[in-house]
Amino acid sequence: EAGVVQSPRYKIIEKKQPVAFWCNPISGHNTLYWYLQNLGQGPELLIRYENEEAVDDSQLPKDRFSAERLKGVDSTLKIQPAELGDSAVYLCASSFHNTEAFFGQGTRLTVV
Amino acid sequence: DQQVKQNSPSLSVQEGRISILNCDYTNSMFDYFLWYKKYPAEGPTFLISISSIKDKNEDGRFTVFLNKSAKHLSLHIVPSQPGDSAVYFCAAIRGSQGNLIFGKGTKLSVKP
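Order-wise, the sequence lines are chains A and B.
Using my numbering, the letters of the first sequence map in sequence onto residues 1 to 112.
Using my numbering, the letters of the second sequence map in sequence onto residues 1001 to 1112.
For reference, chain A alone in the conformation it holds in the complex (with noise of 0.2 Å):
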């Protein structure tokens, strides 16, 4: 069964600049989180959703931050424009019904 997907593993842009992060969940997996990890820290939740409805983005910041899960199963962030400090790996996770999460590799995002 193939896991979590995301791409791109690594990103660089220069600060003002548009990103997109993509994800591909679990086969079957309704609930689907993107986390923000910076250095030494653990991961802290962007965004959650139960299918495709988003039901808790409070702590998406939405002046720059976007997500998109249509038809309830892949995913795509966005943050426009890029701030230096969004320099961080952004993962995504997927679980059944909000019980054991499983991740992706994650998006290493390096903004200039």
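Source of the hints: derived by calculation from the structure; they are not laboratory data.
The structure displayed is predicted, hence computed values, not measured ones.
To be clear about the criterion: a stretch of chain B counts as covered by chain A if any three or more of its residues have a C-beta under 8 Å from a C-beta of chain A, and this derived list gives those stretches:
no. : segment
1   : 1041-1050
2   : 1093-1101
Covered stretches of chain A, going by a simulated chain B footprint (3 or more residues, C-beta under 8 Å):
no. : segment
3   : 36-50
4   : 100-106
Heads up, the beta-carbon is just placed ideally off N, CA and C, and yes, glycines get one too.
Since the structure of chain A is provided, determine the placement of chain B on it from the hints.
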């Protein structure tokens, strides 16, 4: 305000000995707890979990203990192996509608 705390940033253990990783939480409504293991440049991988109705769960060399009155859980690895060297994250969740909340992690080094 951190709801899940891992107060030891690092732990060093000799191969073959026991590793004990600790985690404290503040939210008494958490009812499911998980441990994740993370290698560099990879996403966290699920290791073991425990429901709040239990006080112990064992899986091979890994055992998680839960003390609800103290709001404390611990992960025991016996015997420790060099391949166990990784960052370990404690996480907690409240019900089927809650978010998965992570601690900051403890870096375990198992020396041959």
